[in-house]
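Participant: Spelled out, the chains give:
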Amino acid sequence: MINQSLTYREALRIAIEEAMNADERVVLLGEDVGNYGGCYAVSKGLSETFGSNRIIDTPLSESGFVGAGIGAAIGGMRPIVEIMTVNFSLLALDQIVNNAATIRHMSGNQVSIPLVIRMATGAGKQLAAQHSHSLENWYAHVPGIKVLAPATVADARYMLGMALKDPNPVMFFEHVMLYNESATTPAPEDCPDMCSAIVRKIGTDISLVTYGGSLPKALEAARQLAQQDVSVEVIDLRSLRPLDTDTLFRSVEKTHRLLVVDEGWRTGSLAGELCALVAENCFWSLDAPPIRVCSEEVPIPYPKHLEDAVTPQVAKIVEAVLGLLKQEIVS
Amino acid sequence: MNKKLALQTLICRLILDIAPEVDIESLDPSEDLREELDLDSIDFMKLLEAVSLETSITISESDYDKVQSLQSMVNYIETRT
Amino acid sequence: MKILTMPSFGSDMATGTLAQWHVKEGQKVSKGNIIASIDTMKGLIDMEVFDNGTIDSLLASEGEELDIGAPIAQLRLLSENKASASNIEKPIVVNILGTDADADTDIDAIAKANINSTANNVSQSKQEANTKKEEARTELSEQSQDAQPNKPLFVSPAARKRALELGLDWRQLEHGHGPAGAIILQDIEAAQNTNVQSSSQPENSLQLEKSLQLEKSLQLKTVSQPKAITETKPTPAEMMRQAISANVSRSKREIPHYYLQLDVVLNKALDCLSIHNANLPPSKRILVNALVYCAIARSLTTFPAFNGFYNDGQYHASDEVHLGNAISLRTGGLIIASIHNAHRLGAVELMDKITDQVTRAREGGLTMSEVQDATVTVSNLGDRGSDSIQSIIFPPQVAIFGIGRPRKMPWIIDDEIVCATIVNISLAADHRVSDGHSGARLLNKINKLLQTPEKLI
Amino acid sequence: MQTDTNKIQTGTNKIHMDIAHIKFLFKQMLRIRRFEEKCAELYTEEKIRGFLHLYIGEEAVAVGIMQALKPEDAVFGTYREHGHALARGLSMDNVMSEMFGKVTGSSRGRGGSMHIFDVEKQFYGGNAIVAGALPLAVGLALANKMQNKKNVVVCFFGEGAVAEGEFHESLNLAKLWHLPILFVCENNGYAMGTALAISESEQHIFRKAQSYGLAAHAVDGMNVVEVESAASQYCNSIRNGDGPCLLECNTYRFRGHSMFDTQLYRKADEVEEWKSKGPIKKLKRWLEANDKLSADELIEIEDEVAAEINQAIVFAEGSQLEEISDLYLGVYAEEES
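Chains as they are written, first to last, in my numbering: chain D, 34 to 364; chain H, 3 to 83; chain A, 31 to 487; chain L, 6 to 342.
The set of hints was computed from the structure by calculation and includes no laboratory data.
Heads up, the beta-carbon is just placed ideally off N, CA and C, and yes, glycines get one too.
Honestly, I wouldn't trust all of these hints.
Claimed, not checked - So the derived label-pair ranges between C-beta atoms look like this:
#  : chain 1 : residue 1 : chain 2 : residue 2 : range
1  : D       : 123       : L       : 281       : 46 to 52 Å
2  : D       : 56        : L       : 281       : 56 to 62 Å
3  : H       : 10        : A       : 440       : 34 to 40 Å
4  : H       : 32        : A       : 346       : 52 to 58 Å
5  : A       : 382       : D       : 332       : 49 to 55 Å
6  : D       : 337       : A       : 346       : 53 to 59 Å
7  : H       : 25        : A       : 268       : 20 to 26 Å
8  : A       : 204       : D       : 355       : 34 to 40 Å
9  : L       : 289       : A       : 58        : 21 to 27 Å
10 : L       : 155       : A       : 57        : 55 to 61 Å
11 : H       : 22        : D       : 38        : 43 to 49 Å
12 : H       : 25        : A       : 449       : 44 to 50 Å
13 : A       : 449       : H       : 10        : 42 to 48 Å
Claimed, not checked - Straight-line C-alpha distance at most 16 Å; calculated EDC-like pairs for lysine to aspartate or glutamate:
#  : chain 1 : residue 1 : chain 2 : residue 2
14 : L       : 32        : L       : 301
15 : A       : 383       : D       : 262
16 : L       : 272       : A       : 76
17 : L       : 289       : L       : 274
18 : A       : 314       : H       : 63
19 : A       : 61        : L       : 169
20 : L       : 28        : L       : 302
21 : L       : 154       : D       : 90
22 : A       : 61        : L       : 307
23 : L       : 180       : D       : 90
24 : A       : 314       : H       : 37
25 : A       : 32        : L       : 50
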């Protein structure tokens, strides 16, 4: 079986297993990560391999066990803390922002906090408003932590290991719609590093920048647009903090147009930040206003037809691109 | 007689499809179509294509000079249907 | 003697009111005694004395509001001279900032000043600050190659739009008031007022040529979907006319044209076509021009001096031949649609491309890329044009072909007079880049290819 | 002449304590007291800015607890942390310089009064979020246990923190995972302006801890010797693996919550009553009653303390501010460890 395939979920599990075998300081804390095997089955089977001392089921105390993960990192461990979804991470926001992100700087660079906090994110499974948030931009706003959004099986497979080796606290977002994605077993070179963006499809007419769960939609939109002789360049950010602005600017200077696809709500979104960066740094190369496709500004509704209407879809992306290219001079 | 008229209106409609801005009413049926309406060879070719689709009469290259005016085109087609 | 001052109890407290004294002048006090009550927005707070001594004089009266730090009493310390723990006058302050002012209070003031004045330029994260610096440098260097600083390299969207409205060619301006001499709105408005005619023509980079061609495509758009045009604004057709006139007049001024022409016998070509077109529906039939385009494109691959761009005093030959097809619009005006890699296409594909482009050009559907990068242009007036046509080169290209009307003529072939269909092919070329001799050899190559038409299909 | 080794009545069990050690405790508490008094003065002169929460009245708790710790044990303080820092052995120069916001401060001047850090002394700072440090302390204890280290983690917090969810989550995790951690509740009766009686249904904090299965009891937070002996007892039990404990120290702060506090929430005579049984006054009275502290000795101690404080001020005043260009140092760790 030369190139059998691997799912995004399996890639994460192998990554955790590999890291735990390589370094006994690596442990996994989280709700139902042990006996239950992980609410998204990422850690299934790991507690049989490593035992309950290293695969630790925690009580429903997000602030408690995330804070404990941070404290353990201060104490020399390299913990992976799994928060079931970004929606529950709000209970641990104080520990993440006021402790994990702040203590190294506030202590005058004395205290080190090497840990990875993983969580699912995004909509698409009809879980309604409280289970469908996309709040990566909240964390990407905070200096002191790094924020990653692996969108491919290769990134899921290799980024986690790199995040664990990074001496800083790293937030790791796994979009719920990606867990079942599968691809041929990736090789290390498919994931060169953890912080640079990758041009997933070269193009000349417009730069389509996105991350995480929106990447498959962006690539499909680009494919459809190619049939209408519109050459789209698709950029996968991969890291939301730090942002690889070089790749972004180089692309926009080539295509003179930018469309950002971001499942967060438009106001205060990461997409807004990207448009601001491009307006500040590529103004003289712009031939059209930088635009965004984000979620409608409503709580994510339960019914499928509404959830699809709210979140970015391929058709919306195609329409936005064509609208921009055909746009006459704005008076 | 009305067959000729029907053919003429058909051809005029086809011309308007290709060149909407032309003034078809004031076209002198006996004058050279392409000269009067400023149709270049590509427009003319698309007109022949449209006519052959509508009337299933294919005008060969050699007969091009027999269909230079509206009237001659109408006659050419009428005699062949 | 120690001066007691109005105490601060918090950063948001600028003044305090001495509500009540708890001591009288001459009264002995010891460290920690409450000597007054200070009224603040939150209410009364006790003021303690931090040294043993006697109250020498009360300087503030009850009810008086004073700034923080204002003197309110004088305390004669218990042991004026013994440097006992309790009455340390003032810590020896190392004047670290070299200012003669009272160092310790000034440390805060200066520190505050430092932090505030530099606060805004470090407000972005380090990552953005760095990329912004690098970006400004690379963006300017990348796009301007060797351009002098004051050359108008960039045009703001607003300026570009206004220039178009005024039918003004912004490239006539020496420089703008934007960064690195970029042209911004005010420059256009100023140029309009002083009615700047063509001053000395600045050399322009490839970037500018592209944007000018883009200009034309934009006009095309306004042609097909005209917005509500107010009287003062020129009609789209007028705008296109102005843009074309700017372009051709610049070409005439700048480019030293030389002209050549050759009559080519098309008999073989037409015979070949009539066989090919025999049983094809009209739309699939190939016109003779397609064969001529094909011959031109293929010949150019071995004549680089006629296929490329002349910019900033330098010629860059193009490895591909993007054949610009000049399409005239019935409503007036001209659009150059480039057929990409024409040298690799056969006459059939060329015919499809030409038909498609002409149709879309007239419907306003040409995409940006098609309008931008022709490396050489062919103009032809079709079979009802004039016998021959000498064209004007479209900068930054360096050559343009003109195809006359195919016409039947008596012609000497093998010493006999025969009836031949002749087409005049003209070549206008830029003498800065090529000369007549190589131009003539190019036309002969085209003629030779047209004598073996079957190879071109 | 009483025997040197004097028996001190110390709550449940009597521990052996010699006079020199008691004098050391006295001086430690006096250092903190005089330091805090000077900070109040410097604050009114706008030399120390931001918030300032003084430890005056609670000195016995910090001094007592710290005696039970080894250098490699870890300490998590609160924003009322000057006493914790000085008792733990951080240099007064660095603590004072930190409050002047100077680069020689314990945290390069970046934290101020509420965020003093010194990793060499295993002092993991104050934390301005009430109960914010509890999960951190639990985590460090978890790490120690995983790495088979015999160190104890001590986590200070006020009775106000008990109302936060983190208190419940942390004590549960500590007992659930049998972690080597000593929780120290400085019960000074008021969470800023809110008396304990109007915020907690169960006002005996140690009983709450017992409900999670922790060994816990309360001590007189004004008696430094009693605090020390209780702390030693718990630290020893933690070191031989008996799991987490909680020590509730009943104490009182003689000053406001912070400098801008009109103290409308409590009566002046209540403050005076607690002052009469303050930790320093109590020990001083005992030492003098047993002829262990002469007037000259007291002056000598006062002078030593004053000299240390004055040197700290000179050090702080003479120190530089951090370069603005170093602003980004420590936002992220540079090297890949």
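Participant: Is 20 to 26 Å right for how far apart the beta carbons of residue 25(H) and residue 268(A) are?
Facilitator: 22 Å, holds
Participant: Verify the CB-CB distance for residue 32(H) and residue 346(A) against the hinted window 52 to 58 Å.
Facilitator: 54 Å, holds
Participant: Are the Cα atoms of residue 28(L) and residue 302(L) separated by 16 Å or less?
Facilitator: Satisfied, since the Cα-Cα distance of roughly 10 Å is no more than 16 Å.
Participant: For the hint 53 to 59 Å, verify it against the beta carbon of residue 337(D) and that of residue 346(A).
Facilitator: 55 Å, holds
Participant: For the pair we were handed, residue 314(A) and residue 37(H), check the Cα-Cα distance against 16 Å.
Facilitator: 23 Å, violated
Participant: Regarding the pair residue 61(A) and residue 169(L), is the alpha-carbon distance no greater than 16 Å?
Facilitator: 39 Å, violated
Participant: The hint says 21 to 27 Å between residue 289(L) and residue 58(A); measuring C-beta to C-beta, is that right?
Facilitator: Given range 21 to 27 Å: holds, Cβ gap about 23 Å.
Participant: Quick one, are residue 154(L) and residue 90(D) close enough, alpha carbons at most 16 Å?
Facilitator: Violated, because 22 Å separates the two Cα atoms, which is more than 16 Å.
Participant: Measuring from beta carbon to beta carbon, are residue 25(H) and residue 449(A) in 44 to 50 Å?
Facilitator: 37 Å, violated
Participant: Within a Cα-Cα threshold of 16 Å, do residue 314(A) and residue 63(H) meet the stated pairing?
Facilitator: 12 Å, holds
Participant: Is 34 to 40 Å respected by the C-beta to C-beta distance linking residue 204(A) and residue 355(D)?
Facilitator: 39 Å, holds
Participant: When you take the CB atoms of residue 449(A) and residue 10(H), is the distance between them in 42 to 48 Å?
Facilitator: For residue 10(H) against residue 449(A), whose Cβ atoms are near 35 Å apart, the range 42 to 48 Å is violated.
Going down the numbered hints, you'll see the structure goes against 11, 12, 13, 17, 19, 21, 24, while the others check out.
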